[in-house]
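*Asks:* Here is how the chains run, residue by residue.
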Amino acid sequence: MIKQILDILRSRQGVVSVRELAQALQAQPSAVEGMLQELVRMGKLRYESGHAEGETCVTCGGCEGTDDCPLLFFVPRRLQLVEEPPTKPTES
Amino acid sequence: MNENYRIALAGNPNCGKTTIFNQLTGMNQHVGNWPGKTVEMKSGVCRFEDTTLDIIDLPGTYSLSAYSQEEIIARDYIIHEKPDVVVCVLDATNLERNLFLTAQIRELGVPVVVALNMADLLDANGMVIDTEWLAKALGSPVIYTAANHADGLQELLETVTETARNNSGRPIPEPHPHHHRNGSQAAAPTNGLKHHARSHQHHHIAWRRAHGKGHHPHHLNLPARQHMLAYTHLQDFAVDYGREIEQEIVALIHVIEQFPALEAEFPTRWLAIKLLEQDAEIEAHVHEVPGSEMIFRAAEHSLTHLHDIYGSDADTMIADRRYGWINGLVREVVKSATRSRLLFSDSVDKIVTHKVLGFVIFFFMMWVVFKASTDLATPLIDFIEGTLAGPITQWVLALLNALNLQNSWVSSFLGDGIIAGVGGVLAFIPVLFFLYLTLAILEDSGYMARAAFLMDRTMHSLGLHGKSFLPMVLGFGCTVPALYGTRTERNQRDRILIGLLVPFMSCSAKLPVYVIIATIFFPRQAGLVIFALYAMGVLTAFLIGLVLKKTLFKDKEAAPFVMELPPYHVPTLKSIWLHTWERTSAFIKKAWTVILTASIVIWLLLAIPVNSPGGSFNDVPIEESAFARMSQLFSPALQPTGFGSWESAGALITGIWGKEIVISTYAQIYNLAEEAEPDDEVNVLADLGGIALDLGGALFDTVKSVPLIIGIDLFEDDNGQEASRLSSAIRADFEQTSGGHGKLAAFSLLVFVLYYTPCLIALNAERQELGWQWMLVTAFGQLAFAWLMSTLIFQGGRLLGIG
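As they're listed, the protein sequences go chains A and B. FYI, in our numbering the residues of the first sequence are 1 to 92. FYI, in our numbering the residues of the second sequence are 1001 to 1803.
Since the hints were made in silico from the structure, they are not lab data. Check the hints yourself; a few may be wrong.
Only pairs whose alpha carbons sit at most 25 Å apart, straight line, appear in this in silico SDA-like list of lysine to any residue [unchecked claim]:
1) B/1550 / A/22
2) A/3 / B/1305
3) B/1704 / B/1494
4) A/3 / B/1310
5) B/1589 / B/1578
6) B/1350 / A/6
7) B/1335 / A/22
8) A/3 / B/1704
9) B/1574 / B/1589
10) B/1550 / B/1781
11) A/3 / B/1331
Listed next, with one range per pair, are the computed distances between beta-carbon atoms [to be verified]:
12) B/1528 / A/8: 34 to 42 Å
13) B/1589 / A/11: 19 to 27 Å
14) A/10 / B/1575: 31 to 39 Å
15) A/10 / B/1128: 30 to 38 Å
16) B/1068 / A/82: 15 to 23 Å
17) B/1265 / A/40: 23 to 31 Å
18) A/40 / B/1523: 36 to 44 Å
19) A/11 / B/1695: 53 to 61 Å
20) B/1265 / A/10: 16 to 24 Å
A few chain B residues facing chain A, derived, Cβ under 7 Å [unchecked claim]:
21) 1094
22) 1288
23) 1325
24) 1327
25) 1328
26) 1332
27) 1562
Backbone N, C-alpha and C fix where the C-beta goes; we use that ideal spot for every residue, glycine too.
Turn these sequences into a full structure, and let the hints steer you where they fit.
*Replies:* Okay, here's the thing in C-alpha cells:
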C-alpha cells in the first residue's frame, strides 16, 4: 500500500488528493492519512509549508511571523515526495 | 482471591482512550510525567470484583516506530514493563488507520484485548464489523465499547481480567453469573459501568461470538489466526511480510538467538523486523551488546539483498506489507454501506475539482466575491467620504476659525493632508471587510482548499510547477509574504520564476483602487470589472510563466505531492468574524502609517511652489506646485494610455510607495483644487444626529444590495446616488485626457495599476530574495508591460469604437 502511494505519486507527476489516493487504494481516507504520516516519518515525504520558516514579514510587523499573518490565505497542507530519501546509516 | 494486574491502555490520539481511562479509574488517578520526559503520564486504579487493576494510560500514538517521544515511551513501557494486558483502544469508525498500531503491538507478543470504541457511531456510519473474524485475525478478544456512554466497559473489564489471569498462569475462577449477558442474573455493574446494550447481535462481545456460547474462558488464550506462513511455519500472530522478507527475518532471528540477553529482552521476531526497518533506537540498544557486530553484518546483508530484489528500502516494504495486511483484514471484517458509496464530501469534490466544471465554479465564486465586495461596500464608502468631507471638515474649519488659523498652512495641512489621508485609509475598510468576509466564508467551508488544488493541478499539467500557485495565492493578500514564500522552493531557477510571477497577482492594496475607479465609471458592472482584473493578473502570470518555463527557465519536472483537503463544513459565525476582523484590521494597521505619511509628503509637495510667479508656500496654484511639476514630467508618456493628466501621473508615481496611495493622492489633489467653504454655524449635536442617520441609511443600502449580488433588485427605485466631488473630478479628468473616452481610459488605468511596478516594500523583498538584477527586471519590466497593455487597450478600444 505504501509503495503503491509512492508509485502513484511518481507516475502522476503532480498533485494528488488524499481522496484520490484512498479511491486508488480502496482504503479509508483516514488510513491513507496514517500511511502518509508513516511515509513522513520514514523520510519519503515531507510537509511543505506555505512560507519560509522563521521568516518575519516586513510589511507591518503586526504579527510574530508569517505563520500568524492574517493576510495570508489558507492553503491546504501539502506533502511533497522526497526525490532521494536520506539513506539511514547502517551499523557495521 | 485478591488479584492485582497491570493494564496498559494504548491507542491513536482521539480514539477515546483517555475517556475509557477516566471511566475505569474515576477519581483514583495520578498524573505526573514519564521519567525523564515532558510527556504526561496518567495512571490509576480500578477495582473490579476481587481484582485490582493498575491502569496506565500510554501516550496516544499512531505507531510504535519510535520517531517521537510518545512512541518511544509507549513502546518502551510495553517491552520493558511487560504489562499483564495491553488494551488496544480503536476508533471503530476508523478501523483501518487504528489497526496499524494494534498490529505493531500484537507483534510484540504481549496479551492484547481490543476495545472497538465509538461503537455507537457505527450505525450512523453505515458500518458493521465482523468482530468474530477480527478477533481471530488478531488472536485477541474484541469488545465493543462506547466510552462516552460508559457502554461495554463492564465486558471490557471482564475480558481484561480473564486475559490477565490466563496469561499469568493463575487458576481461573468460575465465570461470574453476569458474564452471561443474556441471562437474567446480571449483577449490578461495578464502577457504575453499563453493559453495552446494543440491539444488534454482531455488537455482542466478539470473542464469545467467535467461540460460541459456553466456551470456557480458558479459550481466551486463543491461537492466533492460523497464518501458517509456509516459509516460516509461524503459528503465533504474525503479519505476513512475504517470502523474501520473511526469509531474511528468519535468518536474523537465528543470529539474534545467539545473544541470550537480547532474546530475553525482546521478542526475537520483532527485533529482527526492527533491525530490517533500521530503527535507530533499537540499533543503538543492540549496539551496546558485546559482539553485536555480527547482528549488524547479518542485517546489512539482508537489507542489501532486499533492496536488490524490491528496489525499495526494507522499511518501505515492511510498512507496505503491514498496511496491505490491514487493508485485506478490513475488507474482510468491515461491511460498510458507505464503502462503495461516495460520501457527500467526495461527491462534491468530484464536481468542484473537475478539470472543466471546477474552473467554471471557481470563476463564478470569485465573481460573487468581488461583486459582493463592491456592491455591499459602496454605500458605506459614500457614507465615509460624505462624513469626512461634510461634518468633520466643517468641525475642523470651525475650530481653526475659532483659533484664528483659517487660511493658514495649518488649516491646509489638517484639511488636505491629515483628513484626506485618514479618509483614504477609512475608505478601504468597507471594501476589505466585505472581501475578507466572503473569502472567509469560502475558506472556512473548505472550498478554498479545493480551489488551490484545482489551480495546482492545472498549472502542473501545463508544465509549470504546481506549487508555484501557493505563493501566488498568498499574493492575493500581500506580495511581500508571497515573495518570502518562494523560499520553500528549493530550486533557485524555479524560485526566481515564481518570484517574477507573484507581483502579477492583485494584492489587497490594489483592490481599493479597483473598487473606487470601477464604481465611478462602471457602477453597474464594478464587480465584473474587478473580477476581470483579477483574472487578467492570473492569466498573465500563467502565460508569462509558461513562456519562461519553456525558454529561460527550462528545467526538470517538479516533485509530485499529496494535498490534504479538509472536509466541508458550515462555517461558524465566530470563525468568519475572527478571520474577517483580523485581516481587515491587519491591513488597516499596515496601511495607515504608509498612507498618512504619504499624504503629508504629498501635501508638502503640493504646497511648495516651483516656477510659480507670485506663488508662495501653501499659496500656489496647484498646477505650479512641486508635485504637479514633477508629475508633468511623466504625464506626456501616459498620453497614449488615455489617462495622460499630471494628476494621474502623480497618483501613479505615489502608488509605487504603496498601491493604496493612488486613491488618496487623487483625493488630495482634487481636495486642493476645490476648497471647502466653512458653514457660518456649526451644530455638533445636529451633525452627530445627521451622521447617525446617514450611517443607518448606508447600512440599509448595504442590506438592500445583498440580493443585487446575484442580480435581483428588490428595490428598483434606486436611481443611483449623487456623485461625490472626487468621483466627478476624476470622471471629468479622464473624459478630458481621453478625448471623450473616459470609460476606456479608466479601464486602461486599472490595467496599468494591475501590472505596473510593485510597491517599494515588495521591490525590497524581491531584491532580498532574488537579487538586484531581478528586482530591476521586475521594476522596469512591469512598468513597460503595464504601459504597453494600457496603450493597447486604449488605442485598440478607440479604434474599435469601444468606450
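*Asks:* Are the hints correct? Go through all of them and say.
*Replies:* Verification of the hints:
At most 25 Å may separate the alpha-carbon atoms for a hinted pair to count; residue 1550 of chain B and residue 22 of chain A exceed this at roughly 34 Å. Between residue 3 of chain A and residue 1305 of chain B, the direct Cα distance comes to roughly 18 Å. Compliance with the 25 Å bound is thereby established for this hinted pair. With a CA separation close to 47 Å, the supplied pair residue 1704 of chain B and residue 1494 of chain B exceeds the 25 Å bound. Of the supplied pair hints, the one linking residue 3 of chain A and residue 1310 of chain B holds, its CA atoms being roughly 10 Å apart against a limit of 25 Å.
This hinted pair checks out: residue 1589 of chain B and residue 1578 of chain B have alpha carbons roughly 16 Å apart, not beyond 25 Å. With a CA separation close to 23 Å, the supplied pair residue 1350 of chain B and residue 6 of chain A stays within the 25 Å bound. For the proposed pair residue 1335 of chain B and residue 22 of chain A, the alpha carbon gap of about 17 Å is at most 25 Å, so the pair holds. Between the alpha carbons of residue 3 of chain A and residue 1704 of chain B the distance comes to roughly 57 Å, so the proposed pair goes past 25 Å and is violated.
For a cut-off of 25 Å, the pair hint linking residue 1574 of chain B to residue 1589 of chain B stands: about 22 Å separates their Cα positions. Distance restraint check for residue 1550 of chain B and residue 1781 of chain B: the Cα-Cα separation of roughly 19 Å lies within the 25 Å cut-off, and the hinted pair is therefore satisfied. Restraint check for residue 3 of chain A and residue 1331 of chain B: the C-alpha separation of about 19 Å stays at or below 25 Å, so the hint holds. The hinted window of 34 to 42 Å between residue 1528 of chain B and residue 8 of chain A holds, with their beta carbons roughly 41 Å apart.
At about 47 Å, the CB distance of residue 1589 of chain B to residue 11 of chain A disagrees with the hint of 19 to 27 Å. Against the hinted window of 31 to 39 Å, the Cβ-Cβ separation of residue 10 of chain A and residue 1575 of chain B comes to about 38 Å, which satisfies the hint. As the Cβ distance of residue 10 of chain A to residue 1128 of chain B is approximately 37 Å, the hint placing it in 30 to 38 Å holds. Range check, residue 1068 of chain B to residue 82 of chain A: Cβ separation about 19 Å, and the 15 to 23 Å hint holds.
Distance hint check: the CB atoms of residue 1265 of chain B and residue 40 of chain A are about 29 Å apart, consistent with the given range 23 to 31 Å. One distance hint, 36 to 44 Å for the beta-carbon pair residue 40 of chain A and residue 1523 of chain B, is violated here, with the actual separation near 52 Å. Against the hinted window of 53 to 61 Å, the Cβ-Cβ separation of residue 11 of chain A and residue 1695 of chain B comes to about 60 Å, which satisfies the hint. Remark: the range hint 16 to 24 Å for residue 1265 of chain B to residue 10 of chain A is contradicted by a beta-carbon distance near 40 Å.
The restraint placing residue 1094 of chain B at the interface with chain A holds, with a minimum CB-CB distance near 4 Å, inside the 7 Å limit. For residue 1288 of chain B, the suggested interface contact is broken, since its CB lies about 11 Å from the closest CB of chain A, more than 7 Å. Because the smallest distance between the Cβ of residue 1325 of chain B and any Cβ of chain A comes to about 9 Å, over 7 Å, the interface hint for this residue is violated. Hint status for residue 1327 of chain B: holds, given a least beta-carbon distance of 5 Å to chain A, under 7 Å.
The beta carbon of residue 1328 of chain B comes no nearer than 10 Å to any beta carbon in chain A, farther than 7 Å, and the hint placing it at the interface is violated. Annotation: residue 1332 of chain B was flagged as interfacial toward chain A, and the flag is violated, the nearest CB pair being 13 Å apart, outside 7 Å. For residue 1562 of chain B, the suggested interface contact is upheld, since its CB lies about 4 Å from the closest CB of chain A, less than 7 Å.
Hint compliance for this structure: hints 1, 3, 8, 13, 18, 20, 22, 23, 25 and 26 are broken, all remaining hints hold.
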